[in-house]
Amino acid sequence: MGRSFEGRPVGGGGRGVPATLIGIACVLLGLVVVFSVVQPRFLSPTTLSLIFRYYSPVSVLALGMTFVILVAGIDLSVGFLMVLLMFVMATAVTKGGIPPVGALLLGLVSAVVVGVASGAAIAVARMPPFIVTLAVMVGANGATLLLSGNQSVGNLPPELLALGSSEVQLLGHPFPLTILLVPALYAGAALFLRRTRSGRALVAVGANREAARLSGLPIRRLEASAYVFMAICCWLAAWIQLGVNRTADPKVALSDSLELNAIAMVVIGGTSLSGGRATLAGTALGALLLAVLFNGLPMLGGQFGDTSWRKLVQAAVILAGACLDVIQRRSRPG
Amino acid sequence: MHDSSADGSPIDFRPDPSQRPPVRRAVPNGSSRALTFMGILGCVLFAGCSNSSSTTSDSAAPPTAPPGSQTTAPAPPGAGNSRGKTVGVALASMNHNFFIGMRQGVEEGLAAEGLKGEIVVADDSATSQQQQVEQLIQKGVGAIIMVPVDAEQAANPVRAANQSKVPVFCIDRRVTAQGASVTCTIETDNVAMGELAARHGLSLLCKRHGLDASKPDDVKKLKAKVVHLWGMEAASSAQDRARGFEKVFGAASTPGVTVLKQVGDFNARKSQEVLAPVLQANPDVELVYCHNDDNAMGALNAVLDLKKSREKADDPKRVLIVGIDGNRAAIEAIRKGDIEATVSQEPIEMGRTTVAQVKRVLDGGAPEKDYVAVRHHLVTRTEAEQLKGKLWADLLKGGR
Numbered sequence: 001m002g003r004s005f006e007g008r009p010v011g012g013g014g015r016g017v018p019a020t021l022i023g024i025a026c027v028l029l030g031l032v033v034v035f036s037v038v039q040p041r042f043l044s045p046t047t048l049s050l051i052f053r054y055y056s057p058v059s060v061l062a063l064g065m066t067f068v069i070l071v072a073g074i075d076l077s078v079g080f081l082m083v084l085l086m087f088v089m090a091t092a093v094t095k096g097g098i099p100p101v102g103a104l105l106l107g108l109v110s111a112v113v114v115g116v117a118s119g120a121a122i123a124v125a126r127m128p129p130f131i132v133t134l135a136v137m138v139g140a141n142g143a144t145l146l147l148s149g150n151q152s153v154g155n156l157p158p159e160l161l162a163l164g165s166s167e168v169q170l171l172g173h174p175f176p177l178t179i180l181l182v183p184a185l186y187a188g189a190a191l192f193l194r195r196t197r198s199g200r201a202l203v204a205v206g207a208n209r210e211a212a213r214l215s216g217l218p219i220r221r222l223e224a225s226a227y228v229f230m231a232i233c234c235w236l237a238a239w240i241q242l243g244v245n246r247t248a249d250p251k252v253a254l255s256d257s258l259e260l261n262a263i264a265m266v267v268i269g270g271t272s273l274s275g276g277r278a279t280l281a282g283t284a285l286g287a288l289l290l291a292v293l294f295n296g297l298p299m300l301g302g303q304f305g306d307t308s309w310r311k312l313v314q315a316a317v318i319l320a321g322a323c324l325d326v327i328q329r330r331s332r333p334g
Numbered sequence: 335m336h337d338s339s340a341d342g343s344p345i346d347f348r349p350d351p352s353q354r355p356p357v358r359r360a361v362p363n364g365s366s367r368a369l370t371f372m373g374i375l376g377c378v379l380f381a382g383c384s385n386s387s388s389t390t391s392d393s394a395a396p397p398t399a400p401p402g403s404q405t406t407a408p409a410p411p412g413a414g415n416s417r418g419k420t421v422g423v424a425l426a427s428m429n430h431n432f433f434i435g436m437r438q439g440v441e442e443g444l445a446a447e448g449l450k451g452e453i454v455v456a457d458d459s460a461t462s463q464q465q466q467v468e469q470l471i472q473k474g475v476g477a478i479i480m481v482p483v484d485a486e487q488a489a490n491p492v493r494a495a496n497q498s499k500v501p502v503f504c505i506d507r508r509v510t511a512q513g514a515s516v517t518c519t520i521e522t523d524n525v526a527m528g529e530l531a532a533r534h535g536l537s538l539l540c541k542r543h544g545l546d547a548s549k550p551d552d553v554k555k556l557k558a559k560v561v562h563l564w565g566m567e568a569a570s571s572a573q574d575r576a577r578g579f580e581k582v583f584g585a586a587s588t589p590g591v592t593v594l595k596q597v598g599d600f601n602a603r604k605s606q607e608v609l610a611p612v613l614q615a616n617p618d619v620e621l622v623y624c625h626n627d628d629n630a631m632g633a634l635n636a637v638l639d640l641k642k643s644r645e646k647a648d649d650p651k652r653v654l655i656v657g658i659d660g661n662r663a664a665i666e667a668i669r670k671g672d673i674e675a676t677v678s679q680e681p682i683e684m685g686r687t688t689v690a691q692v693k694r695v696l697d698g699g700a701p702e703k704d705y706v707a708v709r710h711h712l713v714t715r716t717e718a719e720q721l722k723g724k725l726w727a728d729l730l731k732g733g734r
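Going down the list, the sequences are from chains W and F.
Numbering-wise, this note's numbering puts 70 at position 70 of the first sequence, and it's gapless, one number per residue.
Converting from the second sequence to this note's numbering requires adding 334 to each position, the first position being numbered 1.
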């Protein structure tokens with residue numbers, strides 16, 4: 001804890017591949033091998049296409065979550081905030097008569113407002129992130145129910161569906177646009193963390209808030225900005241999700257816990273929950289691991305069609321990822 | 335078996351209702367404080383924006399005391415008769431079109447019968463439902479209409495109502511526990527609905543394969559792959575709909591049919607995400623039998639994700655989709671020709687029927703029967719057009 005922030009791996013590792021990434025990559029590879037052996041059809045471009053179609057929204061949430069956890073915070077609101085933003089945009093068009101581009105901007109502005117409010121409560125008023133974002137989560141759910149009357153909204157204009165439903169041809173196979181978009185976002189964020197002064201300052205705040213303050217960094221603004229970025233990620237995820245489901249569905253965040261999946265992707269990837277250490281390459285691998293798992297298990301059939309077995313396997317894979325991380329880190333102290 | 339004093343198994347720290355009154359401990363120890371916190375957290379998470387805001391600390395440990403010690407306010411003297419004509423309505427959640435329709439039916443029924451109603455929603459928490467019902471009893475309602483969150487746990491509020499001589503009417507779900515007396519249960523037969531949907535799916539498959547679905551020998555010859563897309567595995571409605579499916583598809587009646595089970599949690603997104611990989615691995619799937627219409631809409635999305643467009647209704651490559659409930663999105667999809675059929679319930683009628691039974695009892699009579707099954711019916715594209723404006727999906731207020 002007493003180490004300075006400077007030597008820590010950030011944004012995919014400044015000096016070689018961080019140890020933690022090797023462990024997670026091994027689990028991912030093992031999973032792909034097992035799925036391919038049991039179900040040869042797993043090894044197909046369609047699988048990659050489905051993975052990027054269905055799990056891009058939660059991966060974008062994990063991207064924002066990496067920044068929040070980097071500054072030693074947590075955001076429980078992301079799943080329900082995403083759904084709220086879906087309905088802000090959808091009902092702005094269908095009930096408010098606002099043109100689609102205006103609705104998208106309204107969604108972005110709403111996201112920034114929520115992000116600034118949470119960020120201020122946490123960074124300036126020093127309220128615990130857990131409680132602040134829990135309140136936002138419950139409030140977002142309530143607001144969604146108010147806006148939607150718990151009914152899905154269909155017949156959305158193409159602009160709102162574009163991000164999640166557009167396709168690109170790569171090597172003669174159609175893939176969702178998000179196969180380009182999401183990796184580009186991750187790469188941009190990693191460059192920001194590693195190469196810019198603001199990025200390094202964020203790491204400093206997460207590693208040691210007091211030291212960062214003494215060295216003259218605007219710690220409040222930096223910490224709050226992580227929550228604003230998180231909220232913008234929620235907006236982007238909401239935009240993608242609308243296209244994936246072809247409708248605004250108030251129950252998107254139910255059945256699976258999107259916020260916990262996003263947090264799991266970040267932590268499996270080796271980002272420290274106590275702050276100050278983040279690898280976006282790790283989060284990307286963590287997201288890929290869970291997405292491959294979620295997509296592969298239904299293919300196995302048999303008892304993996306049951307919730308019980310599926311959850312047990314998920315638990316085992318998450319633990320395996322965590323164990324390898326610990327082993328790798330123990331074997332390379334310092 | 336679970337007597338801790340006899341076998342020395344872990345000690346139960348909860349107050350024993352037979353020896354101590356269920357008072358709150360003055361100084362909670364660490365673990366019970368944590369429990370209380372988790373309880374409050376649970377309430378916040380699951381109660382969401384429910385109407386039960388006056389309850390926190392007591393909700394940490396569900397009261398285990400016998401019903402006699404539960405009533406915190408004395409029941410008014412001569413309870414049954416002196417109670418008002420207000421009807422307490424305790425709904426499980428507003429999480430589904432179906433419940434919105436039911437609430438609409440109850441409200442319409444109350445207005446038609448000239449009764450006042452007080453509606454509370456438990457957001458799927460059995461604990462907050464218990465508190466809500468107990469509060470309704472204290473307020474002196476004349477009858478309670480309840481959608482039980484949990485068939486077992488709902489016995490507690492029902493017993494409390496029995497003690498205060500308030501008649502209880504259960505809609506949609508039953509209370510199964512002993513010693514809890516319900517005046518009348520109004521529901522749709524989920525087994526029959528499941529069977530009807532499955533039978534329609536089977537007849538479509540037989541037609542495609544040139545077989546006669548009415549002849550058991552023909553049905554035995556059918557070779558096909560079918561996905562059985564479950565709702566929430568723990569929900570009695572899902573289990574009953576599965577039972578209905580198994581009456582039609584099984585090793586004895588359809589030996590040539592391979593059934594692939596998946597769980598869609600009554601959730602469109604989840605259904606889409608689990609079904610698409612299954613269809614990718616099994617391109618020969620011909621029918622997806624869905625436990626409700628949210629599952630069916632997810633199934634439609636999954637098919638569209640893989641095939642890009644929907645084949646014509648008679649195309650042998652088309653994946654057939656059958657749902658249950660008859661909610662608005664599904665009816666629209668049926669009218670567009672995107673899904674084959676649904677089995678429609680009648681939630682609005684259900685709500686109205688229930689209030690009619692309540693009225694009979696409040697007027698000093700008895701309900702027609704102690705179990706009322708509300709009708710259900712198959713809706714294919716034909717019925718969706720013929721019954722336009724009459725289906726509950728069309729009558730539902732609000733929304734789009």
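Each hint should be verified, as a subset may be incorrect.
EDC-like cross-link-like pairs, simulated, lysine to aspartate or glutamate; straight-line CA separation at most 20 angstroms [what the hints assert, rightly or not]: (1) F:K693 with F:D704; (2) F:K554 with F:D618; (3) F:K595 with F:E580; (4) F:K642 with W:E167; (5) F:K595 with W:E159; (6) F:K559 with W:E167; (7) F:K646 with F:E666; (8) F:K641 with W:E167; (9) F:K595 with W:E167; (10) F:K642 with W:E159; (11) F:K581 with F:D618; (12) W:K95 with F:D697; (13) F:K722 with F:E666; (14) F:K646 with F:E717; (15) F:K541 with F:D523; (16) F:K641 with F:E683; (17) F:K549 with F:E529; (18) F:K419 with F:E719; (19) W:K311 with F:E567.
These aren't lab readings, by the way, just hints derived from the structure by calculation.
Of the numbered hints stated previously, which ones are contradicted by the structure, given in increasing order?
Checked against the structure, the hints that fail are numbers 5, 6, 9, 11, 12, 15, 16 and 18, while the rest are satisfied.
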